[in-house]
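Trainee: As a plain string of letters, each chain reads:
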Amino acid sequence: MQRCYLSRVGETLFDELKRYVGFNADDEHVLRGLQAVVVPEMSRITDVFYQRILDHDGSRKALEGGESRIGQLKLTLQVWLQKVLSGPWDEAYFELRCRIGRLHVRIALPQHYMFAAMNVLRSELNELIDRPTVTLVHSKAAARSSLGKILDLELAIMLHTYREDLMTQQSSIERLATFGQLVGSIGHELRNPLGVMESSLHILKSRLGDDARAHKHADRIGTQIDIANKIITDLLDMIRDNPLAIESLDVGAVITDLLGSLTLAPGVTVELEGFKELPRVNGDAGQLRQLFLNLLENAGHACGAEGQIRVFGSTEGPLVRIVVQDTGPGVDDATRRRLFEPLVTTKEKGVGLGLALVKRIVERHGGSVRYEHRPEAGARFVVEVPRAG
Amino acid sequence: MPGEKRQYLIADDNRALAENLAEIMRDQGDEVSIANDGADALRLIRGKKFDALLTDMRMPLMGGAALIKAIQGADPGLPVVVMTAYIGESDLVDARHSGVLAVLPKPVPIPLMLSLVGGARRDAR
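Listed in order, the protein sequences are those of chains A and B.
Counted the way numbering that gives the first Met the number 0 counts, the first sequence spans residues 0 to 388.
Counted the way numbering that gives the first Met the number 0 counts, the second sequence spans residues 0 to 124.
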């Protein structure tokens, strides 16, 4: 980002932005002076702000957590507005605003709504300043100008976080494309020698007679060939971009069906809840099966010899949510941040592709997956995919 | 025809794999010929009636897809089993449409392969 502007030595991005819009100490005084007028009106302004969002189909849908959270969101907006007028407009301010921006990135709020939303605040505040009954410490023109500058800065910071996110995505896409091609050709090439080994082993096994040790080692070679094959299959699944075969699916049936291919310790139980009433989803049966197989295999592994896996389905607006949780040790802080990246594993024998594949499959379905931390409890994965129809 | 040896053809440019599979089939008492690519296989097919063909998809000069197409002219009754490391590719979809008996992944699941070619009947498709 910094490279796009002519920045001065030692100048932070925030300094540079302030210099660009011409925000200075005078503006800080003017904004502080506005507090006395704005604070009593803040509740009304935030009401207008959210009413405008609710009146518009698109922006209403973008509200995280739905309309029930509006009361809380209004309070957050009041705190935000308070800070806009009181400062201090320092690096901590910039960092806080970046965090708010990233929150908007995370919930995928379309950028174009931010301008309209900011304009609601701008016109409400200007209308307040212009009221004949309102008297200010500074001139009304100065108040409008300073307010314009700080709101422009707020927008600039928001856009900065979107750009930051885009650049991170871009570099990871490029890396993955090169990496993917390499992985693809190595994967396929490795299948040839493995195929020869496997067929040779087949012949060898029929000629071993009753030598128990020879059989034990032949079996061991066979198991290892299977593991190598599984790794190649997972890798190739990671990079494959064949179109999904989308159909209307009963997720409960997909999960019930895969339980048969799941190997669990005798002390581990699986419970399914809430699938009878669950709406169907649009998905690729094979890919969704793979997704839940990976999650359930991980859960089984986490439980060890004894434990409980619970899988429950529910509806969240336009989404179907499936939660997979276990009674294992959960995921530690350090691993949690990188949980869905390829080649991150906590298993002794894992390669770290299972959850990366889960993320890839769910994202190809237009859904999301996240890990929810449960203090003193096991892991919980939350998958959300769009419902059919 | 009971007692008579079945005749199979394997087409794969991976010679070691082709020979291994041939050895396994011969252990069952069948006769097996090996071809290194599609053109080689087609030459053998023109000279002899095989009970089944087991072919790879990716081979130099003439690949599996071209071979399957050519067979429709040379010996349309020949049952074909495809083996491939590239499950899900477009030439494979074409192959399925030209009526192959089965498509097996590589590494080849041997018992399944044996039962497929063993059960294959000429002119059954």
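Among the hints, erroneous ones may be present.
Derived contacts from chain A toward chain B, CB cut-off under 10 Å, selection only [claimed, not checked]:
1. Arg190
2. Val195
3. Ser198
4. Ile224
5. Ile231
So, partial list: chain B residues that the calculated Cβ filter (under 10 Å) puts toward chain A [stated by the list, open to error]:
6. Asn13
7. Leu16
8. Leu20
9. Glu22
10. Asp26
11. Gly28
12. Asp29
13. Ser32
14. Arg57
15. Leu60
16. Met82
17. Ala101
18. Lys105
19. Pro110
20. Leu115
These are computed hints drawn from the structure, not numbers from a lab.
Think of the CB as a built atom: it goes at the ideal place given N, C-alpha and C, for glycine as much as any other residue.
Trainee: Starting from the hint list further up, note which numbers the structure goes against and sort them upward.
Mentor: Violated hints (numbers, rising): 11, 12, 13, 15, 17 and 20; every other hint is consistent with the structure.
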